[in-house]
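Asker: Taken in sequence, the protein lines are chains E and F. Going by my numbering, the first residue of the first sequence is number 1, and it counts up by one from there. Going by my numbering, the first residue of the second sequence is number 239, and it counts up by one from there.
What the hints contain is simulated information worked out from the structure, not anything from laboratory work. Any given hint could turn out to be false.
[What the hints assert, rightly or not] Straight-line Cα separation of at most 30 Å, DSSO-like style, residue types lysine-lysine; simulated pairs:
hint, chain 1, residue 1, chain 2, residue 2
1, F, Lys297, F, Lys373
2, E, Lys124, F, Lys373
3, E, Lys107, F, Lys297
[Stated by the list, open to error] Calculated from the model, a selection of chain E residues having no Cβ within reach of chain F, i.e. all distances over 10 Å:
hint, residue
4, Glu16
5, Phe214
6, Thr228
Small disclaimer: the values here were computed from a predicted structure and weren't measured. C-beta atoms are modelled at their ideal positions from N, C-alpha and C, and glycine is treated no differently.
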Amino acid sequence: MNIKTSHIVKTYKQKEVLHLEGQHGELFFESGQIHGIIGPNGSGKTTLMKIMAGLIAPSSGTVHYNDHPLCQDIFSQMTYSTHTPTLFSRSVYDNIAYPLKIRNYEKELLHQTVNQLLEEFEIKNIANQNARHLSGGESQKTALARALSFSPKVLFLDEPTANIDPKSIQLIETALKKRNRDQGLTIIIITHNLSQAFRICTHLTFLDQGICLFSDTPEKIMASTHPTIDEFISFNRF
Amino acid sequence: MDYILNGFVEAFRLIFSFDPEIIQIVLLSLFVSFSSTLYGTLIGVPLGILLGINNFRGKKVVSRLLYTFMSFPPVIIGLFTALFLARSGPFGQFQLMYTPTAMIIAQTILVTPVIMGIVFNHASTSGYEVVQTGKTLGAQGLDVLILLVLELKGVIMIALVTGFGRAISEVGAVMIVGGNIRGFTRVMTTFIAMNNNMGQYSVSIAMGLILMTISFITNSVLYHFIIGDQNEYQD
């Protein structure tokens, strides 16, 4: 699903936190790609993502999905997960099964889908544990398995690998790339890890203080001479 | 000290004698308090959730009013209910004054803000995240409400038991609207108050023990549902 944002502005308590005007007033997130949104803290990344995911409304500007405005049908094909996911107070299995249950999946198909995800994310051993008592990595993997369970067309991820071990990061990245390659899943990911952005993203958007400074391929960002981008990249190298 | 000890001895004798009047009083108390808790739950839980998860102008004023009503003295509620139900009041035609129905109405007014306030508080803090997450996973309308109720089930249980505790232990409201009529509107608390005034401490102590036993049982049920539930998942 292609997503196009036009001249988005978001104001919180009379303070402008996102102002996408001028050269990068329109942002295009092509279907079937992995898009990274990067930038320092407080640059408006999460706000932009929540607006695109339909979770908050912009103060002005528009978002179109395959040239259509947001509607329930489009909303139900997208999902959103953060680095502090809200897992429901039930077992890991039931958390992953939740999106399938409300879509009235047949029992057998539901069981098969959930089991595949439990194995893929290596969380079968905690399937019966209450999801509120998991470690950071286990929570992230459970949240991601749950988000992918109903095969959405667009997946929004806000720092999905923050504060988790390298093995889990690799596992999550592999799963994301596989979904993107095999199912054409469009992924929009916020990350502070530049090397991760280069590993998995096909397109990068750089935000700073609510303004978009850059939106192009990862290779081109390296060649950017903008001082803020240059500084951000330099810090990430160390 | 002797009269206290004798009171306890007499109390146990009274409990195990299965006095029909005592049984009738206990059953009426339970009926009135369970009914008012049920109505309070049916009103307070959906309203508490609705007000908690939505942001609207004046939400702070609503929460302050709600918390004020949570601590409203039962006698004041009894007084206002009596004014409305009295023969010359707006609902006098229904002739509800000094009936168990009037007691249920007064206690419902008493417990609804308690249940609503507890649910409202938790729905405000954690309900919004649950709703947002549910929606991003495809939940709509009734799905969201069911999800929220299930996620807040522990809190709802606490609200329910707190509401029941307030209902069964209050004396002011039921005394005013019920009138403590023997065999008709006499409940445990009004019975204790009356016998205490008459110097009959043994029956007061007996009823007090029954009241405490009921409180212990309801709290044990709560413990089983909430703490027991958590232990099950930590295996």
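Asker: Hint by hint, say whether it matches the structure.
Answerer: Now the hints, each set against the structure:
no.: 1; hint: F:Lys297 with F:Lys373; result: holds, 23 Å
no.: 2; hint: E:Lys124 with F:Lys373; result: holds, 26 Å
no.: 3; hint: E:Lys107 with F:Lys297; result: violated, 42 Å
no.: 4; hint: Glu16; result: holds, 21 Å
no.: 5; hint: Phe214; result: holds, 28 Å
no.: 6; hint: Thr228; result: holds, 31 Å
In terms of the numbered hints stated before, the structure departs from hint 3 and from no other.
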